[in-house]
Amino acid sequence: MSMLVEMVGINKSFGATRVLSDVRFSLERGSVHALMGENGAGKSTLMRILAGVYQPTTGSVRLRGEDVSFKSPKEARLAGVSTVFQEFTLIPNLTVAENMFLGHEPRRKDGSIDSAEVVRRSRELLADVFPQLDATAIVDTLTVAQQQAVEIAKGLTSNADIFIFDEPTAALNSTDVAHLFKVIRDLKAQGKAVVYISHRMNEVFELCDVITVMKDGGWVKTAKAEDFNLHSLVATMVGRELQNFFPPRSQETGEPMLEVSGLKLHDGGASVAFSVRKGEIIGLAGLEGQGQREIMRSVVGVETARAVTVRRRAGGSAMSAVNVTSGFPNAIAAGIGFIPEDRKQEGLFLRLPIYDNIALGKQLNRNMASVAWRSVSKVREIIKSLRVAAADPGAPVGKLSGGNQQKVLLGRWLLSGVDILVIEEPTRGVDVGAKAEIYRLLRDFSDRGGAVIVSSREHAELIGLCDNILVVHDRKIVGQMPAADATEESILGTALGSSSAEDPRAVVH
Amino acid sequence: MTTSETKHETPPRALNARRAVSWVLGLPPAYYVLAILIAVAPLVSATLINPNYWFVILKQSAPLGIAVLAQSLVMRVRSIDLSVSGVFAFAIYFASSGFLKNYPPYVTVLMPIVVGLAVGLVNGVLVAYVRASAVISTLSVSAILIGVVQYMSAGRAPGSTPSWLRVLTNGNIHGLSYSVIVWLGVTVLVSLAFRYLIVGRYFRAVGDNPRAAETTGIPLARTIFVSHTLAGFLTGIAALVQVSALAVGTIKPGFDTFMNALAATILGGVTFGVDRGGVAGPFVAVVAFSFLFAMLTVFGIQEPGKLIVQGGIIALAAIIYGARTGRV
Chain Y
1 MSMLVEMVGI NKSFGATRVL SDVRFSLERG SVHALMGENG AGKSTLMRIL
51 AGVYQPTTGS VRLRGEDVSF KSPKEARLAG VSTVFQEFTL IPNLTVAENM
101 FLGHEPRRKD GSIDSAEVVR RSRELLADVF PQLDATAIVD TLTVAQQQAV
151 EIAKGLTSNA DIFIFDEPTA ALNSTDVAHL FKVIRDLKAQ GKAVVYISHR
201 MNEVFELCDV ITVMKDGGWV KTAKAEDFNL HSLVATMVGR ELQNFFPPRS
251 QETGEPMLEV SGLKLHDGGA SVAFSVRKGE IIGLAGLEGQ GQREIMRSVV
301 GVETARAVTV RRRAGGSAMS AVNVTSGFPN AIAAGIGFIP EDRKQEGLFL
351 RLPIYDNIAL GKQLNRNMAS VAWRSVSKVR EIIKSLRVAA ADPGAPVGKL
401 SGGNQQKVLL GRWLLSGVDI LVIEEPTRGV DVGAKAEIYR LLRDFSDRGG
451 AVIVSSREHA ELIGLCDNIL VVHDRKIVGQ MPAADATEES ILGTALGSSS
501 AEDPRAVVH
Chain V
1 MTTSETKHET PPRALNARRA VSWVLGLPPA YYVLAILIAV APLVSATLIN
51 PNYWFVILKQ SAPLGIAVLA QSLVMRVRSI DLSVSGVFAF AIYFASSGFL
101 KNYPPYVTVL MPIVVGLAVG LVNGVLVAYV RASAVISTLS VSAILIGVVQ
151 YMSAGRAPGS TPSWLRVLTN GNIHGLSYSV IVWLGVTVLV SLAFRYLIVG
201 RYFRAVGDNP RAAETTGIPL ARTIFVSHTL AGFLTGIAAL VQVSALAVGT
251 IKPGFDTFMN ALAATILGGV TFGVDRGGVA GPFVAVVAFS FLFAMLTVFG
301 IQEPGKLIVQ GGIIALAAII YGARTGRV
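Here the protein sequences come in this chain order: Y and V.
Each residue of the first sequence is one higher than the one before, counting from 1 in the working numbering.
Each residue of the second sequence is one higher than the one before, counting from 1 in the working numbering.
Some hints could be false.
[To be verified] Calculated lysine to any residue pairs in the SDA-like style (CA-CA distance at most 25 Å, straight line):
| hint | chain 1 | residue 1 | chain 2 | residue 2 |
| --- | --- | --- | --- | --- |
| 1 | Y | Lys399 | Y | Ser416 |
| 2 | Y | Lys215 | Y | Glu437 |
| 3 | Y | Lys215 | Y | Arg24 |
| 4 | Y | Lys378 | V | Arg78 |
| 5 | Y | Lys188 | Y | Asn202 |
| 6 | Y | Lys362 | V | Gly278 |
| 7 | Y | Lys362 | V | Asn16 |
| 8 | Y | Lys344 | V | Gly200 |
| 9 | Y | Lys344 | V | Arg78 |
These are computed hints drawn from the structure, not numbers from a lab.
Please model the entire structure based on the sequences and the hints provided.
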């Protein structure tokens, strides 16, 4: 096979900071190449050089055997490099077709845009790859997966033969992931080359032919995927053996901390009931979109269920009711915290300092006219104990990596002193090293007498982290199992075994 | 990998000089405008650099200054209050029409504040709880107030404002008008509240990300309601100061009041949800604005010309902010 891309001796510095040193990377036609490494390893920077966003300080980039030096992303795109970023670059109020040809629309003789031609050519291109995608649909009305399809289709319009996918599956459910994989395999079959960046190990092993590992801005290893296994790959990425990826489970759990009963998500639906013990982490598992999210949010009152009764232990052995139907502040007052899946949109104030984001924990449920004491030392203590990698608590939280942002949210609730934590997708967008830290922090929280409810799309994560797993299907709990005995198969089996056959999602890809 | 991480990779600005430069570049446009005006002033007219003249400018700026402070409150939580003109019109008409002659003086003093507060409450309910569009609901509240004034006055100019009230503008301590002292006092109070009270934290959080604020447990609707109510209260004070500055009542209180307020707020570094300018930014902007108008008057430029310049400045402020956000 011929080399499509060869990057040799790539160095890149921003001012005095060197972010890439002597990195090599090559890409063959008809292959899927995984680029792995922790956050900050330099994967994105390397790909941005290939995509023309940055220019290397030294080093050469060869495309189809010729030296190239892209001055802008547009040049790279015209040369056949298409990038699908995790955050899309689509214009929401334009149609699919308009987005696909944005910036290089076919023109009529008088210079005006030939709209009919735009639609016609879009349909032609979409027919091969995404036949179900309507070229005239407004992008804003599409699902995340469909928007991603548009993003990929944009690359097709410029007849790209190199596709860079930067964490494409972060926001997709399993059905959409399966479709994306099919598209990537089709691209591969057409002799195109794909660079795939993801933190999800199973995807990498399922999809990729070659794996390149980077660490701290340097190249570490390139080898065929079959020469790695999960353990060796993780070890290469973090540069050390991860002895305890998951912390040990709790030895014994105490009396119930939180009891949820009579939870109805819709009229006439089955009622959901479960409880969490002191020192316990329970996980809500199941196929995507079966009601896990709604159950979690109803328990804390961020969303309102048709009916729900939440009771928590209040000193001694008595349980007291928490009125979550009138909003989340009641749950906070009762010592229950909530961390949403979409940290950037729903959890953090990205432009505000790290300090402010954590200090909010002490400022909730307060009279607006009361004094907000600056508990600087306490916040610093928390930043230190959570090992948030930030020199300056005054820096905006948006500058932190995913793992550190998650720690900031944890810190907020630690400061507020809650002892029950409801957390969605605790490690979404978090790299391997930080994942282990988040798991340890959650386990520390429960070991100190707290209780945790967690949901995750990654069942392996729930199996490793939790004490007990509740399987949710069709907005009810269809099974419960100790996490130590659970496997991904048994969770799926429980979920699907319960469904009354007509559920189309039940077909596992 | 995430985009936040790539930001992580960009170099820390180690050099203090560079940090200072970027700090200066990040200042609200009002500071530049004022600096340029002060630099140019001696060339234009000696009067403009006379300290006494500055006291006059400050005195004339006081009503606008307080109104701008009100506007900046709601803009911090991504809302807007366009009812300033209505409150001013209503307060001026009632104070000068003679309706309140037979009541004790404090009724005349309280009237604008009560009107402002009431309008703020209505705006707050509409925007925060009914979730009506802030632009439309506050503008219609304003239109209703102006309509009421025009109906009651039947198009005739009312009488004069009570002369004893003018002491608020004309009285002074060492040349500094009482109205300016009120303006400064309110500004200091608001900035202290922002710095030290929970309400300041809630405003910042809601301004940065309303959705996150709600999911975090901050009472979103109540925060927006409070901002509108406080803004109404401050607008009332601004109206009182405005009444005291007028000798004769009018039913045309200047349609451009809210335009000026909006322009000064933006120039002062407060755009929707961003409060880079703090409380000082809008203050400087108001001074810069008044100074500019004074200078235009010296040049002999009339109202229409001022309006054009004013529009130009608003556009400029919008462009500067657009360019900045574009770069991020």
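Hint check results:
no. : hint                : in the structure
1   : Y:Lys399 - Y:Ser416 : holds, 24 Å
2   : Y:Lys215 - Y:Glu437 : holds, 18 Å
3   : Y:Lys215 - Y:Arg24  : holds, 13 Å
4   : Y:Lys378 - V:Arg78  : violated, 31 Å
5   : Y:Lys188 - Y:Asn202 : holds, 19 Å
6   : Y:Lys362 - V:Gly278 : holds, 23 Å
7   : Y:Lys362 - V:Asn16  : violated, 34 Å
8   : Y:Lys344 - V:Gly200 : holds, 22 Å
9   : Y:Lys344 - V:Arg78  : holds, 18 Å
Violated hints, listed in ascending order, are 4 and 7; each of the other numbered hints is respected by the structure.
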